[in-house]
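Number of protein chains: 2
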Amino acid sequence: MSRYWSSIVKNIEPYVPGEQPKDRKYIKLNTNENPYPPSPRVLEAIRRAAGEDLRLYPDPDCSELRETAAEYYGLNKNQIFVGNGSDEVLAFSFMAFFDPERPILFPDITYSFYPVYAKLFNIGYEIVPLDDQLNIPEEKLYKSRGGVIISNPKAPTGQLLPISSISKIVENNMDSVVIIDEAYIDFGGESAAGLIDSYPNLLVVQTLSKSRSLAGMRIGFALGDSSLIEALGRIKNSFNSYTIDRIALAAANESFRDEEYFRSVSAKIICTRERTASELKDMGFTVLDSKANFLFISHPDVAARDLFELLRDKGILVRYFNKPRIDSFLRITIGNDSDMDYVLETIKNLLQSCRI
Amino acid sequence: MSRYWSSIVKNIEPYVPGEQPKDRKYIKLNTNENPYPPSPRVLEAIRRAAGEDLRLYPDPDCSELRETAAEYYGLNKNQIFVGNGSDEVLAFSFMAFFDPERPILFPDITYSFYPVYAKLFNIGYEIVPLDDQLNIPEEKLYKSRGGVIISNPKAPTGQLLPISSISKIVENNMDSVVIIDEAYIDFGGESAAGLIDSYPNLLVVQTLSKSRSLAGMRIGFALGDSSLIEALGRIKNSFNSYTIDRIALAAANESFRDEEYFRSVSAKIICTRERTASELKDMGFTVLDSKANFLFISHPDVAARDLFELLRDKGILVRYFNKPRIDSFLRITIGNDSDMDYVLETIKNLLQSCRI
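Sequences listed follow chains C and B, in order. Residue 350 in the numbering used here sits at position 350 of the first sequence, and the numbers go up by one each step. Residue 145 in the numbering used here sits at position 145 of the second sequence, and the numbers go up by one each step.
Because the hints were derived from the structure by calculation, they are not lab data. Any given hint might turn out to be false.
Pairs involving identical chains hold if they fit within one copy or between any two copies, as the list cannot separate such chains.
Keeping only pairs whose Cα atoms sit at most 25 Å apart, straight-line, the calculated PhoX-like set for lysine-lysine is [to be verified]:
hint, residue 1, residue 2
1, 291, 281
2, 348, 268
3, 281, 77
4, 168, 140
5, 77, 119
6, 10, 168
7, 348, 168
8, 323, 25
9, 281, 268
10, 143, 10
11, 268, 119
12, 77, 323
13, 281, 140
14, 10, 119
15, 314, 291
16, 10, 77
17, 119, 140
18, 119, 168
19, 25, 119
20, 10, 291
21, 77, 140
22, 291, 25
23, 143, 348
24, 281, 143
25, 291, 77
26, 323, 143
27, 314, 10
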């Protein structure tokens, strides 16, 4: 604490991202990264963009990328906003749509960045507890005073709300903005992007970090009515005119164009997820039904924290949340098949030795 | 305006960046970009970084880059913060060090993003008018209630405050943070970075956009006491954990390592600036003494707005600010020698035809 800190700095509790170990000794299944590399066409586009034009500012409006994305999503360019990762898009959204005096709603167990944003921007919030099966009690999200934000599939459980439930939440909040954070939507969920033309208060947030294997490039999107997109643009242009560098623009553009690669990678991950879930259930784990690139699991015989430490010792990094209601669970990112074989084998051995 | 906009969005007046024409027909001297390409070693580093690791998040702490930069600046790693362009660094700084109830001070003619940040974050501010020669009346920046921000060399005039004046401003504001925005310091000014160990309330902001020819990559820095850097880290980690992508990290790292290229490019620009200034003076222009990569010029016989339009017609893009006190000036970025030859020739011809 320093006397030069603003009252905001003194009061916030920053988000803590998952470990990013630098020694690379781990099978890294703790931050939901894609085990497969980005499309070779994306890497080639990056190399092509590494030229003298980097001396020039990037296009502050990201026009070409927004057009490419619009085509992919079946929307218009003015329904698309681009940000430096979906975290930046979410931060701008809190500034653009929520007000201090009108509290927003989000579940007690969700992406842990939401309360951080709320504190940073002094937005009041009310917590809606998930039920005992960690499902969202939808009706409790109806008629918020200031807005709603949920992740779908849900973080950190991976459970998916059907699109009919999303519609109901949105149409029961016509006086405020409902944000659906779809970071993991490409692993088996149906996007709410299709509802945008019906609801002027719906904002859908996506990212290229997960299903497009581009966590290292920082590209996120918001999709919504053009007046919501205009609001995000006004915030961005009052904060940092050029948030996306020229290389990231080139990479993102090419990523949307190589749909085949992305479909094939997502299909592989879904397949590995289903097999992994099935084997974990055979070992006695509770495995929540996941439509994301991770599984949320719990075992009656081993404390999650212990299993977390034991796996770490064996060179496997997963995520443990030391929080009420979910401290009996581990979140394991789906790696490639050989990663998951090693994980399953290791867990099997650990369970056997625990039982002795 | 939409009923879904927050009160912030309704009230802000976003910054308007200089034009980024897409047709590339212009000699582009309107956004102070460097006319020379980035170091070939930087481009090679980008190509090398275009690999499968892009599937992984970047290092949120930018450790390696901060160590490289620390060595360059003669500071410690914990005295260095990295952001997505110096604009993001400035935005975070407004949140980290300024409070709504304590107004900050900045000159009436300065980087036009400062009042935008102030409105965005609801920070009160008092404007200190420059004198008739557009110099800063230093004493009026002493004893601010909430902090001070100035650019040095000054935007948009290019004039440099000597380091002795910076010291005095900082030591007369020991109760609040003084931000020195040094976007253009490498074109002949002395950085205040050397004062950091003496003043816990000094924050120096720099960028790789100008002197390092990397406007397209978005990399900015703050240098200051470790407690100020900690505050910026807390804001960043409440906003977006990973603001710098892997490619930008690699590019920035290599840029600091290739000091020779950067020195030689900066020397060329300084040389072209002095020659251009001298020839413009010969044509009757008032040319403010610039230590930046641009000139701020005014002519008694031609209105700046007219000259701006005439130059645009001739394929030369410069910056005209339609603002009181500076609407008789144009800001012209220093291009390469052949760009400036064409600009000088064109201006000479325009002046002759205006006089007829």
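Results for each hint:
Taking identical chains as interchangeable, the C-alpha atoms of residue 291 and residue 281 lie at most 25 Å apart only when both belong to the same chain, with a minimum of 16 Å there against 68 Å between chains. Taking the shortest alpha-carbon separations for residue 348 and residue 268, only the intra-copy value of 23 Å comes in at or below 25 Å, while the best inter-copy value is 66 Å. Neither within a single protomer nor between protomers do residue 281 and residue 77 lie at most 25 Å apart by alpha-carbon distance, with minima of 44 Å and 47 Å respectively. In this assembly of identical chains, residue 168 and residue 140 lie within 25 Å of each other by CA distance solely inside one copy; the values are 11 Å within and 58 Å between copies.
When the C-alpha separation of residue 77 and residue 119 is checked against a cutoff of 25 Å, the pair qualifies neither within a copy, at 32 Å, nor between copies, at 28 Å. Taking identical chains as interchangeable, the C-alpha atoms of residue 10 and residue 168 are never at most 25 Å apart, the minima being 39 Å within one chain and 28 Å between chains. Taking CA atoms no more than 25 Å apart as the test, residue 348 paired with residue 168 passes in neither setting, with 42 Å inside one copy and 68 Å between copies. For the identical chains of this complex, residue 323 and residue 25 are neighbours neither inside a copy (27 Å) nor across copies (58 Å), given an alpha-carbon limit of 25 Å.
With identical chains, the CA atoms of residue 281 and residue 268 are at most 25 Å apart within one copy only, with a shortest distance of 20 Å there and 68 Å across copies. In this assembly of identical chains, the alpha carbons of residue 143 and residue 10 lie at most 25 Å apart only when taken from different copies (23 Å versus 33 Å within one copy). For the homomeric pair residue 268 and residue 119, neither the shortest alpha-carbon distance inside one copy (39 Å) nor that between copies (48 Å) is at most 25 Å. Taking the shortest alpha-carbon separations for residue 77 and residue 323, neither the intra-copy value of 41 Å nor the inter-copy value of 33 Å comes in at or below 25 Å.
For the identical chains of this complex, residue 281 and residue 140 are neighbours neither inside a copy (32 Å) nor across copies (71 Å), given an alpha-carbon limit of 25 Å. Taking the closest pair of Cα atoms, residue 10 and residue 119 come within 25 Å of each other both inside a single copy (11 Å) and across two copies (21 Å). In this assembly of identical chains, residue 314 and residue 291 lie within 25 Å of each other by CA distance neither inside one copy nor across copies; the values are 27 Å within and 58 Å between. In the homo-oligomer, the alpha carbons of residue 10 and residue 77 lie at most 25 Å apart only across protomers (22 Å), although the nearest pairing inside one protomer, at 40 Å, exceeds that limit.
Proximity of residue 119 and residue 140 under a CA criterion of 25 Å is satisfied intra-copy only: 22 Å inside one chain copy versus 35 Å between copies. In this homomeric assembly, residue 119 and residue 168 never come within 25 Å of each other (Cα to Cα): the closest approach is 28 Å inside a single copy and 36 Å across copies. For the homomeric pair residue 25 and residue 119, neither the shortest alpha-carbon distance inside one copy (36 Å) nor that between copies (47 Å) is at most 25 Å. Taking identical chains as interchangeable, the C-alpha atoms of residue 10 and residue 291 are never at most 25 Å apart, the minima being 38 Å within one chain and 38 Å between chains.
Proximity of residue 77 and residue 140 under a CA criterion of 25 Å is satisfied in neither setting, with 34 Å inside one chain copy and 48 Å between copies. Proximity of residue 291 and residue 25 under a CA criterion of 25 Å is satisfied in neither setting, with 28 Å inside one chain copy and 49 Å between copies. For a Cα distance limit of 25 Å, the shortest separation of residue 143 from residue 348 qualifies neither inside one copy, at 47 Å, nor across copies, at 67 Å. Proximity of residue 281 to residue 143 under the C-alpha cut-off of 25 Å is found in neither arrangement, the shortest distances being 38 Å within a copy and 67 Å between copies.
When the C-alpha separation of residue 291 and residue 77 is checked against a cutoff of 25 Å, the pair qualifies neither within a copy, at 28 Å, nor between copies, at 41 Å. Taking the shortest alpha-carbon separations for residue 323 and residue 143, neither the intra-copy value of 28 Å nor the inter-copy value of 46 Å comes in at or below 25 Å. Taking the shortest Cα distances, residue 314 and residue 10 never come within 25 Å of each other, neither inside one copy (39 Å) nor across copies (54 Å).
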